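Student: Position chains B, C and D against the provided structure of chain A, taking the given hints into account.
As they're listed, the protein sequences go chains A, B, C and D. If you're matching positions, the first sequence starts at 18 in the numbering used here and goes up one per residue. If you're matching positions, the second sequence starts at 18 in the numbering used here and goes up one per residue. If you're matching positions, the third sequence starts at 18 in the numbering used here and goes up one per residue. If you're matching positions, the fourth sequence starts at 18 in the numbering used here and goes up one per residue.
No lab work stands behind these hints, which were simulated from the structure alone. Incorrect hints may appear among the rest.
Unchecked claim - SDA-like cross-link-like pairs, simulated, lysine to any residue; straight-line CA separation at most 20 Å:
#1 C:K258 x A:A283
#2 D:K88 x B:S306
#3 B:K88 x A:A283
#4 C:K88 x D:W127
#5 D:K258 x D:W127
#6 B:K88 x A:A26
#7 B:K88 x B:A269
#8 C:K258 x C:M49
#9 C:K88 x D:A26
#10 B:K258 x B:A269
#11 C:K258 x C:A287
To be verified - Label-pair ranges, simulated between beta-carbon atoms:
#12 D:A262 x B:R185: 29 to 39 Å
#13 D:A23 x C:A315: 48 to 58 Å
#14 B:R103 x D:R25: 49 to 59 Å
#15 C:D182 x B:H156: 27 to 37 Å
Said to hold, decoys possible - So, partial list: chain A residues that the calculated Cβ filter (under 7 Å) puts toward chain B:
#16 I28
#17 D66
#18 R84
#19 T86
#20 S90
Remember, predicted model here, so these are calculated numbers, not experimental data. Beta carbons are placed, not taken as given, at the ideal position from N, Cα and C, and that holds for glycine.
Protein chains: 4
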Amino acid sequence: MSLTEAQRAEIAAHGQETFSTRRPTVAALEAMLYAPQEVLDHGFLRVIDYMGDDAAIVQAARVSYGRGTRKVSEDAGLIRYLMRHRHSSPFEMCEIKFHVKLPIFVARQWIRHRMASVNEYSARYSILDSEFYLPDPAHMAAQSEVNRQGRGEILAPEAAAEVLDILREDAMRTYRDYERMLDGENGYGLARELGRINLTLNTYTQWYWKIDLHNLMHFLALRIDPHAQYEIRVYAEAMLKILHAWVPTTAAAFEEYRRGAVTFSASMMAVVRRMLAGEVVEQAGSGLSRREWDEMMATLQAPTP
Amino acid sequence: MSLTEAQRAEIAAHGQETFSTRRPTVAALEAMLYAPQEVLDHGFLRVIDYMGDDAAIVQAARVSYGRGTRKVSEDAGLIRYLMRHRHSSPFEMCEIKFHVKLPIFVARQWIRHRMASVNEYSARYSILDSEFYLPDPAHMAAQSEVNRQGRGEILAPEAAAEVLDILREDAMRTYRDYERMLDGENGYGLARELGRINLTLNTYTQWYWKIDLHNLMHFLALRIDPHAQYEIRVYAEAMLKILHAWVPTTAAAFEEYRRGAVTFSASMMAVVRRMLAGEVVEQAGSGLSRREWDEMMATLQAPTP
Amino acid sequence: MSLTEAQRAEIAAHGQETFSTRRPTVAALEAMLYAPQEVLDHGFLRVIDYMGDDAAIVQAARVSYGRGTRKVSEDAGLIRYLMRHRHSSPFEMCEIKFHVKLPIFVARQWIRHRMASVNEYSARYSILDSEFYLPDPAHMAAQSEVNRQGRGEILAPEAAAEVLDILREDAMRTYRDYERMLDGENGYGLARELGRINLTLNTYTQWYWKIDLHNLMHFLALRIDPHAQYEIRVYAEAMLKILHAWVPTTAAAFEEYRRGAVTFSASMMAVVRRMLAGEVVEQAGSGLSRREWDEMMATLQAPTP
Amino acid sequence: MSLTEAQRAEIAAHGQETFSTRRPTVAALEAMLYAPQEVLDHGFLRVIDYMGDDAAIVQAARVSYGRGTRKVSEDAGLIRYLMRHRHSSPFEMCEIKFHVKLPIFVARQWIRHRMASVNEYSARYSILDSEFYLPDPAHMAAQSEVNRQGRGEILAPEAAAEVLDILREDAMRTYRDYERMLDGENGYGLARELGRINLTLNTYTQWYWKIDLHNLMHFLALRIDPHAQYEIRVYAEAMLKILHAWVPTTAAAFEEYRRGAVTFSASMMAVVRRMLAGEVVEQAGSGLSRREWDEMMATLQAPTP
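Looking at chain A on its own, in the form it has when it is part of the complex (with noise of 0.2 Å):
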């Protein structure tokens, strides 16, 4: 994370001060405003702002005059009621925005969440500073032989090395003429907007993103899955890890409910059926593709975490 003495003293007078509120406050996510969470080699995530808690949840729930909580055991009963059935819209009365700087490519994957607002800083405006991400050789991998879309086995280190060299100097190379074609006085004082057309998509950007409870779930249900690739997964990680501070009850029906959950298909609920009754079942069969029982097989197969 390359932060520079500017943007930390900043980033620290900002946190200093305190005001007296009476919306509800959550001191376990009050602890983490503002501080910037490492991702990746030079991106972070921090918790701007946010709206509401668990308890908010309930009083939307029940269309409260008050606070309309009532025991812990209930109000937890009724939030796991709500994620097991699906309820979206009491979740959605909870909000957060986070500040992220994040790779070029991994904003693109980002952006097809529709359901937010974001704020990103204009290279048509500004300009971009000199990081790239550039990957760890633990997570440079070869392509996958079964899977088109995903990563098989990590290079070996020399590989990895050489390949590390060519997306450096590639990114350093760009930059460079990146600030030559700007630059007013020993270069062509190019407009921004067509400047930034010669970066990389490893070049780091930065945003403001806004979200409701709701479809950050769906965010992070679709982005902490091991399909997705690594380096959107570690953004993904680091906000589970905010929505455990900031709604507790919430965040452990969503590991419950959604991130632990399986989904059977009608043919494969029959097989668990037939299973459960005694019978040997094997592919041949039992109606699923091989592909699908594979995965079905994987599933029930899986030690229980």
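Tutor: Leaving out everything else, chains B, C and D in the frame of chain A:
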């Protein structure tokens, strides 16, 4: 506004807790939190929570590390610029949540604004109160002769009284029958989701409604308009006051560039230009329809507020 | 279903024109175009227009230059894959538009699905017909004892008849008063936007409703569910038939992976795994609440359809 | 525009089938279906499908049983009324789907319009072609001195040529390295999702993009504006032509009430009223900032097109 003792007590109890926060806080809005503001005969509007302030808009527009604000005049200039050029995303960075009690026919107009989150009191799950909207005689108007979807003259006092009697009696009778159908002991024990279909559209419902500042202003621009039905306009007017308390700079820019602004079509602009050049233009040679001509002239000759 | 002669003639006239197009066209859906399908006592649902077919989903998923389809089995495999892994964007590439006549209380549930476009018949502008929903005695049920928002036993015939009388008389009286209040000659000439507030929630309204295929399936998954209120479920069932005519491959995948699918929570999965390993598990030692246990067992022991 | 022989053949084959339909059909748009229209050096835009026409807007606004159209002048009057008063829902009843090839930096601006559906060619799954955008020297401009996010003077021919050389060489080198990193035999067999991060932002991507008519006009209003970046504006201009072919009455109303319209703020209106009353107003006494004064005067003195 009809609140039970229990509801008043709940609201009062809720409002007394204060917390320490590092989040942006608006004193003028804190002072209004939770307190129901009367709208129509039994309705209300109250702020339950909010996120962000004028500075948060500036901060997001600048994608800042710290608070991001500069001189007051510079910040105001930026907000005015964003409003004038319809840069909506920074305004999406603020959020507000209301608890609203409103007649069902108003709720049906309101819900057409899709960019918001709603939790409505469920008449499948609970029994609605016996509260229904009766217009004040001052707003009891005849069908407009010129506008197919508007009101014309106020009814004569006697006629208004008779109409009120009809409305009151019909609402009371259908409510009494609703109660009787639901009553499991002396009535029929009918399912609540069926019994409610007997209620009239002026019955009050309530909901939690959450919206971002950009979409709130869009709602206000449409619903504060004199063409909006009176019964929704009064809610919009109550929200506009809240807007001024919450984000005064933005609210001022809204008055200047949205509410007080006028849009002229291409043909109207051609006429305005001819007029400014000293030409006397009449409808016949204006290229405008009679209706558009009248609209334009009304605007041009309106007294400046 | 109550259509006037004039309405039937309009529909018939409209349906007779045919045009030549190079767009994807679905013969089975063309055959259903415009024809109203009866729902409830006076309601209907009819397809007004559509865009795309099964192949359009494949084409978009492959970002093809031409039609993009390959062998039928390959295309079906891709559609099943997209459905299984919740890749929703290719399904958004198809669109359908309905004209629906439905009771207002159903419209109020329906409109909660925000990802759709709506044009509703305006009771500010026009006068509503005297048509209101009266439940068939076979669906006239008592409040459920176990489910606070559901129906229980069917009412005894005599009680049902009495409830129907109440509903009918209240609806007729409020409608008569509505007419009288609006009537400019023998009544009060009240503004339509005010007169309508006297109508009961079972009054029929109508709208044009347009939605993409992804969001339509989301609507169907929620509203075909046995927990949905009967009066909206019948509309969903009528739409499901249309889905099968329009996009048969997608509809089959929907039945397999959405409607017929079952989701187990993390704790349920732990129990299923223990059962498959031959262990006899009881609720007490399952880690599940009684309610969740019952839900799970009902699913596991359900006869495969 | 660079299409391979195979792509041209696929497009041609697709376009030859015709079908019989009872749906609204627009001959002028049918004639344009599938044919790619050149935009920038390698990009294109082509219409893949559409739903609805001018009459469908009228039909939805009237919630008609039949076609719903009346006299041509009445229908046009209604469409103009809807456009003038920003009644957006009837325009949502038409839909269009495009296949677009565009540089990634343009795609990043474009995707900010969230009310649309997108399927993008996946560089995790497939290998991108070696195609990148190089500005025409006529559009190779220096940074504007007055507008921080705009272009100023065109570069001198020699400077433009040098900048082009830089852009071309950087794009070619990073693409060559991309290929080498991916190559499993002579290169490193790197995962596609990692290799792509080395590409520059002027690399072309492509997508299927579907949007309703209301949101399309919103997109056009923003992106046809002279303040929009040239490289996205040319796509908007190509779409505007398609708009005129598809829904000519709506397109004319769009030109009159949106594109050619001018909005004056409350303070500007006060000035215009004083001017029309014969007063000579200067910036000093106008209540407007210098910038707003200049904007207003430019509008008032613009030659009528």
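Student: Does each hint fit the structure? Answer for all of them.
Tutor: Against the structure, the hints come out as follows:
As the CA atoms of K258 (chain C) and A283 (chain A) are separated by approximately 19 Å, the hinted pair is consistent with the 20 Å bound. Between K88 (chain D) and S306 (chain B) the CA atoms are separated by roughly 17 Å; this keeps the pair inside 20 Å, and the hint holds. This hinted pair does not check out: K88 (chain B) and A283 (chain A) have alpha carbons roughly 63 Å apart, beyond 20 Å. With a CA separation close to 34 Å, the supplied pair K88 (chain C) and W127 (chain D) exceeds the 20 Å bound.
Restraint check: the Cα-Cα separation between K258 (chain D) and W127 (chain D) comes to about 18 Å, which is no more than 20 Å; the hinted pair holds. Restraint check for K88 (chain B) and A26 (chain A): the C-alpha separation of about 19 Å stays at or below 20 Å, so the hint holds. Taking the CA atoms of K88 (chain B) and A269 (chain B), the gap is about 17 Å. The hint holds against a cut of 20 Å. As the CA atoms of K258 (chain C) and M49 (chain C) are separated by approximately 11 Å, the hinted pair is consistent with the 20 Å bound.
In summary, the hint linking K88 (chain C) to A26 (chain D) is supported, as the alpha carbons are separated by about 19 Å, within the 20 Å threshold. For the suggested pair K258 (chain B) and A269 (chain B), the alpha carbons sit about 11 Å apart, so the restraint of at most 20 Å is met. Restraint check for K258 (chain C) and A287 (chain C): not satisfied, since their Cα atoms lie roughly 37 Å apart, outside the 20 Å limit. For A262 (chain D) paired with R185 (chain B), a C-beta distance near 57 Å fails the hint of 29 to 39 Å.
About 54 Å separates the C-beta atoms of A23 (chain D) and A315 (chain C), a value consistent with the hinted range of 48 to 58 Å. Distance hint check for R103 (chain B) and R25 (chain D): the Cβ-Cβ separation is about 41 Å, which falls outside the suggested range of 49 to 59 Å. Judged by the Cβ atoms, the range 27 to 37 Å given for D182 (chain C) and H156 (chain B) holds: they are separated by roughly 35 Å. For the restraint placing I28 (chain A) at the interface with chain B, the shortest Cβ-Cβ distance is roughly 5 Å, inside the 7 Å limit, so the hint holds.
Given hint, D66 (chain A) at the interface with chain B, holds; its Cβ is 5 Å from that chain's nearest Cβ, closer than 7 Å. At about 5 Å, the closest approach between the beta carbon of R84 (chain A) and any beta carbon in chain B falls short of 7 Å, and the interface hint on this residue holds. The interface hint given for T86 (chain A) is broken, as the beta carbon of that residue sits about 10 Å from the closest beta carbon of chain B, more than 7 Å. Proximity of S90 (chain A) to chain B is violated relative to the hint, the smallest CB-CB distance being about 20 Å (cut-off 7 Å).
In this structure, the hints that do not hold are numbers 3, 4, 11, 12, 14, 19 and 20, in rising order.
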